[in-house]
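Asker: As given, the protein sequences belong to chains E, D and C, one line each in that order. Quick note: the first sequence uses the numbering used here, first residue 1, plus one each step. Quick note: the second sequence uses the numbering used here, first residue 1001, plus one each step. Quick note: the third sequence uses the numbering used here, first residue 2001, plus one each step.
Hints may contain errors.
Once the Cα atoms are required to be at most 27 angstroms apart in a straight line, the calculated DSS-like pairs of lysine-lysine come out as [to be verified]:
id	chain 1	residue 1	chain 2	residue 2
1	C	Lys2054	D	Lys1441
2	D	Lys1296	D	Lys1051
3	D	Lys1472	C	Lys2054
4	D	Lys1504	D	Lys1102
5	D	Lys1051	C	Lys2054
6	C	Lys2054	D	Lys1189
7	D	Lys1485	D	Lys1360
8	D	Lys1472	D	Lys1443
9	D	Lys1296	D	Lys1539
10	C	Lys2054	D	Lys1443
11	D	Lys1285	D	Lys1443
12	D	Lys1051	D	Lys1239
Some chain C residues well away from chain E (every beta-carbon gap over 10 angstroms; in silico) [unchecked claim]:
id	residue
13	Ser2012
14	Glu2065
15	Asp2214
16	Gly2270
Derived from the structure by calculation, the hints contain no laboratory data. All residues carry an ideal CB built from backbone N, CA and C; glycine is no exception.
This is what each chain is made of:
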Amino acid sequence: MASARNLDMSWRRFLRHRLALVSLVVLVTMAILIAFAPAIETGLGLDAEEVDLFARLAAPNPIHWLGTDELGRDLMLRLLHGGQISLFVGISAALASALIGSVLGLISGYHGGRIDAAVMRFADGVISLPLLPLLIVLAAVDPVKLGFPEAVAMSESFSVYRIIAIITLVSWPTVARLARAATLSIRHRTFVEAARAQGFGATRIMLRHILPNAASPILTAATLTVGNVILVESVLSFLGLGVQPPVPSWGNMLTGAQDLISEAPALAVWPGVLIFLTVIAFNLLGDGLQVALDPRHPTARGDSS
Amino acid sequence: MTVRRLLSVLVTVIVVWAGNATIAQARDRLVIGINQFPSTLNPIIDSMLVKSFVLAMARRSVSSIGNDWESFCQLCTELATFESGRAEAFDLLDDDGKQTGKKGVRARFTLRDDIFWGDGVPVTTRDFVFTWHVGRHPETGVADLRSFQDITNIEVQDDKTFTIVSRKLDYRYYALNGFQLLPFHLEQKAFSVPREYRSRTLYETDPTNPGLYNGPYRITEVMPGSYIVLKRNAHWRGKRPTFDEIQVRTIEKTAALEANLLSGAIDYIAGEAGLSLDQALAFEKRHGAEYQIIHKPGLIYEHIDLMLDNPILADIRVRRALVHAIDRQAISDRLFAGKQPVAHGSVHPLDWIYDPDIPKYVYDPDRAKVLLDEAGWSVMNEGVRHNAAGQPLRLEIVTTAGNRVRELVEQVLQSYWKRVGIAVRIRNQPARVLFGETISKRKFTGLAMFAWLSAPESLPRTTLHSDSIPTKANNWAGQNYTGFKNAEMDRLIDAVEIELDREKRGALWGEIQRIYAEYLPAIPLYFRTDTFILPKWLKGVRPTGHFVTTTNWIEEWRVE
Amino acid sequence: MVGFIVSRLTQSALVLLVMSFLIYVLLGLMPGDPIDLMIGADPDVTAEDVARLKALQGVDRPIMERYANWLERVLVGDLGYSRLFSRPVLEVLVPRLAHSLVLMVVALVLSLAIAIPIGIYAARWPGSWTDQLINLVCFAGVSIPPFWLALLLILLFAVGLGVFPASGMATVSDGGLLDRAHYMVLPVLTLAFAGIAGYTRHTRAAMIEVMREDYVRTARSKGVAEYKVVWKHALRNALLPVVTISALDFGSLFSGALVTETMFAWLGMGKTIYDAVMGNDYNLALAGLLLATVVTLAANILADISYALLDPRITYRVERRG
Chain E
1 MASARNLDMS WRRFLRHRLA LVSLVVLVTM AILIAFAPAI ETGLGLDAEE VDLFARLAAP
61 NPIHWLGTDE LGRDLMLRLL HGGQISLFVG ISAALASALI GSVLGLISGY HGGRIDAAVM
121 RFADGVISLP LLPLLIVLAA VDPVKLGFPE AVAMSESFSV YRIIAIITLV SWPTVARLAR
181 AATLSIRHRT FVEAARAQGF GATRIMLRHI LPNAASPILT AATLTVGNVI LVESVLSFLG
241 LGVQPPVPSW GNMLTGAQDL ISEAPALAVW PGVLIFLTVI AFNLLGDGLQ VALDPRHPTA
301 RGDSS
Chain D
1001 MTVRRLLSVL VTVIVVWAGN ATIAQARDRL VIGINQFPST LNPIIDSMLV KSFVLAMARR
1061 SVSSIGNDWE SFCQLCTELA TFESGRAEAF DLLDDDGKQT GKKGVRARFT LRDDIFWGDG
1121 VPVTTRDFVF TWHVGRHPET GVADLRSFQD ITNIEVQDDK TFTIVSRKLD YRYYALNGFQ
1181 LLPFHLEQKA FSVPREYRSR TLYETDPTNP GLYNGPYRIT EVMPGSYIVL KRNAHWRGKR
1241 PTFDEIQVRT IEKTAALEAN LLSGAIDYIA GEAGLSLDQA LAFEKRHGAE YQIIHKPGLI
1301 YEHIDLMLDN PILADIRVRR ALVHAIDRQA ISDRLFAGKQ PVAHGSVHPL DWIYDPDIPK
1361 YVYDPDRAKV LLDEAGWSVM NEGVRHNAAG QPLRLEIVTT AGNRVRELVE QVLQSYWKRV
1421 GIAVRIRNQP ARVLFGETIS KRKFTGLAMF AWLSAPESLP RTTLHSDSIP TKANNWAGQN
1481 YTGFKNAEMD RLIDAVEIEL DREKRGALWG EIQRIYAEYL PAIPLYFRTD TFILPKWLKG
1541 VRPTGHFVTT TNWIEEWRVE
Chain C
2001 MVGFIVSRLT QSALVLLVMS FLIYVLLGLM PGDPIDLMIG ADPDVTAEDV ARLKALQGVD
2061 RPIMERYANW LERVLVGDLG YSRLFSRPVL EVLVPRLAHS LVLMVVALVL SLAIAIPIGI
2121 YAARWPGSWT DQLINLVCFA GVSIPPFWLA LLLILLFAVG LGVFPASGMA TVSDGGLLDR
2181 AHYMVLPVLT LAFAGIAGYT RHTRAAMIEV MREDYVRTAR SKGVAEYKVV WKHALRNALL
2241 PVVTISALDF GSLFSGALVT ETMFAWLGMG KTIYDAVMGN DYNLALAGLL LATVVTLAAN
2301 ILADISYALL DPRITYRVER RG
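Whenever a hint applies, use it, and build me the whole structure from the sequences.
Answerer: Right, dumping it as structure tokens:
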């Protein structure tokens, strides 16, 4: 197999996609900043949770680089902490749906027949559901009645995990379809048949031989999902069903700030801009990956005219 | 000279007249913005603030509470006090005809003869009796059945006069505050099947029927969820209201509500159901000069219930330390520009029963630390106090998720408590969970922040009497969520209810407030302030500070 | 074909039944019923009041029993009463359904009207700087939080410039067509924004693909005028996936306009469902959710049928739609 050369070509194609490249740089920078939030916090000698009623809504100054929020907390640190949560939610949900989707898609595509029909009908069913209203119902359900232990259901970060779970529940079918399609297209290729002839088990064939070849659409879909999830989280926060304060997320920071938009526009501008930037970066990155990994894709440029 | 003067006078007159004319033309309609739409327009099903707000323009209760916080007659001629000879107490007998030791009361009311339904039919005793029948029927589905059922009989004297026989004699015997009448001639058909009254009432099926209203306005158009239009009631004999038409528009998002005011789509944001205080303050900062802004502290008592079953909180020293550790004045000053007065007890300072001499807990973190040390929470470990057994001083606070102001205050309090070594964790829940389960079934383990909407001289029987602690056995009845048990408090509540002498009652009220402040079953925070944002030309809107809305006096509103 | 439709219909009916049960149970898992909520705010409501009201509204019985009762009544066409509005559910839903449809259709038509020409334009010279710019703007369009966009539009056009009303559906008691249109501008813009971005990308992608097809190359090489190639030969084929995708979107848009509806106080389906869920209005929430599901399913079936009818490569295309 010429996978090394393929990878190299993909990488070159990716490098040609300037927007995707810029997005990657933006995202990496953001991730680094967020990862070093605690260090920045100690470095500046500030505490992101320290309330100071006498320094509410301060303008940017040498101590608070972006000013303070409505409780006198440092806005920059809050944004970094919020970013931690937003990115965590986005990436976790994307990974979880990629995982579930790939497994089901692989099984479905490899085995075909009844299993395939059942999984795919189920996926169709989920896709055809009205998404947002369903999310509302799920977010409003009492976790204790669902059987979660009270201690878990009442912890501060439960809302974070709930959002991840809910979004995963509705976004896996997309990945499953892609994984299945990829599996279908290669399950009768010679190297798969050869592996089967050697008597390898189905699981091993799926993981070793099919998955690597189905990886590109899954990766692309997962990247695009991250952006979507961050957007959905902000919408749920807007409806009061997202991540709950005091845990900050860009979504709930933005929602909280819109009431004060005329007095302190910066409070609403920053999280809004960050959401926007992150989502668009993930989308462009996904676009870049698509072009790079699938040269036949219609958005690939430069070879038709 | 004279000609010129005459001319200038003439010009002035014309200008003023023309100016007034245009104002009058532009101002024959008032558009009010509120943040919620009433779920029903039927006056006796469900109690809801926005419903009272709208209905007070279109119908009046028999008696009500005025700006001076005293009862007064609206549909009746005078209150039924003992002094006026309209009321008399009697001994209650049980089924066997023996004395029960309790007293009932007979109170005679006369309806005014200048009150008419919007279709010209006079309001009579018939309407009163009918309303009583509807209200006391268990299948109708009114919220507050007891108050209807406490009336055991109504003796009809004539078309306008009747005597109410009540099995309960308490200090509120002389008035029928908030008692709304239903028009017998229209509603009797809907009540023929009591179980279906709720859905068949004309207030739902034909809400623009003029005969349903007896106030200065009547409802002429309803767009559910969006707006309600009211026009003058031709049969209203009271003071003629200024506006031909009132529109009440519902805009739930307060940011959009504000935008509508600024764009001129609405004239006035009602304080009763308008912007939250921090938003209103931000608005005032930017646009205060263009509007009249009235801040009025109301009867909404924000407080934190303390779960007294929790061994940590059972210790009164810890409870006191919790209050000493927080600077409520600073919160009020910084977050609410001092517009939201700090509460030192559950009784509003404007209420006549308020006792200014009750113990107050000032901000004193050192005192808090001493109290905590005394209570055995003396070992500091990673910023959190521990007791000798190594147990950390950790508590949880719950409040309604999505209520921005509460969430803010909560985070401030958390920060204050952290400074004295109390670790408080926030876990908020939607209102439905909080009130439906956590608080009402006493499932909170530490602190619960919410509000009581009360009335002037409101008896705290359901909130402080030890019989009112909700348990599974009593089907979660009562609202003494903290589990406060105090024999003296029980005695005082029983005594104050039947004490008719105002002065003696005042003394009992003082005692109740003293015990409350001393034992602290709850941390008083503040009385919530409503902000009314009015256009400069609208005069006569007088917030009451209690639950009766400004619209109950809409005929006093005028344009200047 | 008939077999295909019949099987899709049966499948949809099954999804609907499962959904109704799921939603019913989920709603039952929501804590606190309306009566509990009522006592939360009013210290004068007693235990007897609570028990009586619960029995009256039937919320004291087990959930399976209530579901069976509900289903039985729905099958004979009785959707019950809305608790929040004290009206029969259909009486509440039908006007709101109409409001939603008006908003959606206008937004959809506007989006397509703008997106298709832009998409074609971008596809003419893929990789050019205009194409890249359009591409970037489109990505921006789908990346902006919708309520944020709504807020900006309100601040700009309603508060700042004062040219459009900030929210509402019509001037009270007026209701002329022009007046209503005036109120519709901002919500339609908000909805159309993401739509334009999405459809432009789809149009562009489809056009590029079609332009590569042999028959287009043939037409070109035969010297057919370029505008004719684009508008006559390519567009017809390129539009197919776009129209199908818009049909699919319509279903989700229909119930997903919640944010727009909330910001602009537009009384549509999304808002109604949200209010019903949050206000514990069982009957209304159920009916609303099921109606939304029906519309979504119907849109799906239509999309599939149009594909099956018009495109021989159906299986391939469906897999690729992500």
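Asker: Please go over all the hints and tell whether each is borne out by the structure.
Answerer: Against the structure, the hints come out as follows:
Between C:Lys2054 and D:Lys1441, the direct Cα distance comes to roughly 16 angstroms. Compliance with the 27 angstroms bound is thereby established for this hinted pair. A distance of roughly 20 angstroms separates the Cα atoms of D:Lys1296 and D:Lys1051; the hinted pair therefore holds under the 27 angstroms criterion. Taking the CA atoms of D:Lys1472 and C:Lys2054, the gap is about 16 angstroms. The hint holds against a cut of 27 angstroms. A C-alpha spacing of about 19 angstroms is found between D:Lys1504 and D:Lys1102, which places the hinted pair at or below 27 angstroms, so the restraint holds.
Of the supplied pair hints, the one linking D:Lys1051 and C:Lys2054 holds, its CA atoms being roughly 22 angstroms apart against a limit of 27 angstroms. A threshold of 27 angstroms between alpha carbons decides the hint, and for C:Lys2054 with D:Lys1189 the separation of about 25 angstroms falls inside it, so the pair holds. Of the pairs offered as hints, the one joining D:Lys1485 and D:Lys1360 holds, with about 21 angstroms between alpha carbons and a cut-off of 27 angstroms not exceeded. With a C-alpha separation of about 12 angstroms, the suggested pairing of D:Lys1472 with D:Lys1443 holds against the 27 angstroms cut-off.
A threshold of 27 angstroms between alpha carbons decides the hint, and for D:Lys1296 with D:Lys1539 the separation of about 16 angstroms falls inside it, so the pair holds. This hinted pair checks out: C:Lys2054 and D:Lys1443 have alpha carbons roughly 21 angstroms apart, not beyond 27 angstroms. The straight-line distance between the Cα atoms of D:Lys1285 and D:Lys1443 is roughly 41 angstroms, outside the 27 angstroms bound, and the hint therefore fails. Distance check on the hinted pair: D:Lys1051 and D:Lys1239 sit about 23 angstroms apart at the alpha-carbon level, within 27 angstroms; holds.
Some Cβ of chain E comes within 10 angstroms of the Cβ of C:Ser2012; the nearest lies about 8 angstroms off, and the non-interface call is violated. In this structure C:Glu2065 is separated from chain E by more than 10 angstroms, as the shortest Cβ-Cβ distance comes to about 17 angstroms. At roughly 13 angstroms, the least C-beta separation between C:Asp2214 and chain E is larger than 10 angstroms, which holds for a residue marked as non-interface. With 10 angstroms as the threshold on Cβ separation, the claim that C:Gly2270 sits away from chain E is violated: the shortest Cβ distance comes to roughly 7 angstroms.
Hint compliance for this structure: hints 11, 13 and 16 are not met, and every other hint is.
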